[in-house]
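Trainee: So you can see what is in the structure, the chains are spelled out below.
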Amino acid sequence: MKLYCDSSLNDFFKSKYIYLDNDFLGQLFDDSEVFVDFIKFTLKGSLHIDRYTQFEFLREVFLPQQFRIKKEFLEKEVFFPVNNLYIENKIDENALVLSKIYGHKGITKNTKISLVDLFLASRLMYQEKNAVLITGNKRDFPSIIFDVITVLNIEQKGDGSIRSFCVVKFNKDKFDICYDELQILEPKR
Amino acid sequence: MANLPKNPKPKFETKKRTPMKRKIGFHESVIEAAINLIKENEKLLSTHTTHSFK
Numbered sequence: 114m115k116l117y118c119d120s121s122l123n124d125f126f127k128s129k130y131i132y133l134d135n136d137f138l139g140q141l142f143d144d145s146e147v148f149v150d151f152i153k154f155t156l157k158g159s160l161h162i163d164r165y166t167q168f169e170f171l172r173e174v175f176l177p178q179q180f181r182i183k184k185e186f187l188e189k190e191v192f193f194p195v196n197n198l199y200i201e202n203k204i205d206e207n208a209l210v211l212s213k214i215y216g217h218k219g220i221t222k223n224t225k226i227s228l229v230d231l232f233l234a235s236r237l238m239y240q241e242k243n244a245v246l247i248t249g250n251k252r253d254f255p256s257i258i259f260d261v262i263t264v265l266n267i268e269q270k271g272d273g274s275i276r277s278f279c280v281v282k283f284n285k286d287k288f289d290i291c292y293d294e295l296q297i298l299e300p301k302r
Numbered sequence: 285m286a287n288l289p290k291n292p293k294p295k296f297e298t299k300k301r302t303p304m305k306r307k308i309g310f311h312e313s314v315i316e317a318a319i320n321l322i323k324e325n326e327k328l329l330s331t332h333t334t335h336s337f338k
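As they're listed, the protein sequences go chains C and D.
Residue numbers 114 to 302, in the working numbering, belong to the letters of the first sequence in order.
Residue numbers 285 to 338, in the working numbering, belong to the letters of the second sequence in order.
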């Protein structure tokens with residue numbers, strides 16, 4: 114079907130690390146027209162699939178032929194690898210900080226944010242200068258820390274309904290406020 | 285109380301990295317290969333009902 118988005122997106126994505134959440138990756142994999150439209154907009158940036166998103170994309174695929182197709186799809190040079198072991202422990206530590214802030218702010222009061230989304234958020238935090246994420250679950254990237262840059266709309270196969278995906282970016286100013294509030298809880302020495 | 289671990293310090297990339305550039309002309313071959321996989325998946329799903337997956 115069709116992808117609807119702001120035509121200035123092409124310039125926005127320039128020199129950006131563009132991470133894809135599993136739901137958006139699934140949309141690309143489901144529809145070659147949407148895939149081609151999207152690639153045209155991201156030629157100036159680089160597409161990345163986080164290791165946990167890769168796992169999510171492949172989990173529960175029990176049909177061997179489909180597993181092979183999906184794995185080969187991930188391995189295509191359309192996507193750049195994310196395999197810098199040096200930063201992984203930093204990502205882990207950031208994830209812990211973010212989880213504390215979410216808890217402190219009551220974000221996780223009613224619904225838990227998944228481990229995968231926590232680590233994705235942490236990666237966006239680490240690469241705060243030039244990383245963005247495209248996700249259909251904005252709720253998992255709360256506005257106390259993340260900004261919505263723009264929204265992509267995708268016409269769905271079958272019923273023709275429109276599904277929206279947000280391009281989100283870590284906001285360091287927002288984070289600093291939350292982190293300072295968290296520090297107040299530290300015991301005095 | 286005195287031995288409680290402190291919050292980890294937030295970690296940020298110190299140097300702004302520039303994403304790797306794609307090789308010129310990559311999209312003709314690579315994108316086509318990716319599209320072929322998408323179509324292969326569509327074909328696979330169309331030939332299997334949910335029941336036959338079990």
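These aren't lab readings, by the way, just hints derived from the structure by calculation.
Do not rely on the hints blindly, as some may be mistaken.
[Stated by the list, open to error] Label-pair ranges, simulated between beta-carbon atoms:
1. D:Thr331 to C:Gly219: 46 to 56 Å
2. D:Asn320 to C:Ile200: 11 to 21 Å
3. D:Leu328 to C:Asp289: 10 to 20 Å
4. D:Glu312 to C:Glu206: 14 to 24 Å
5. C:Val264 to D:Lys299: 44 to 54 Å
6. C:Asp293 to D:Glu312: 48 to 58 Å
7. D:Thr298 to C:Glu173: 21 to 31 Å
8. C:Gly216 to D:Phe296: 14 to 24 Å
9. C:Glu190 to D:Arg301: 12 to 22 Å
10. C:Arg172 to D:Glu312: 25 to 35 Å
11. D:Glu326 to C:Glu201: 33 to 43 Å
12. D:His332 to C:Glu294: 50 to 60 Å
13. C:Tyr117 to D:Leu328: 27 to 37 Å
Even glycine gets a Cβ: it sits at the ideal position worked out from N, Cα and C.
Trainee: Provide an ascending list of the numbers of those earlier hints which the structure does not satisfy.
Mentor: Violated hints: 2, 3, 4, 5 and 7; rest satisfied.
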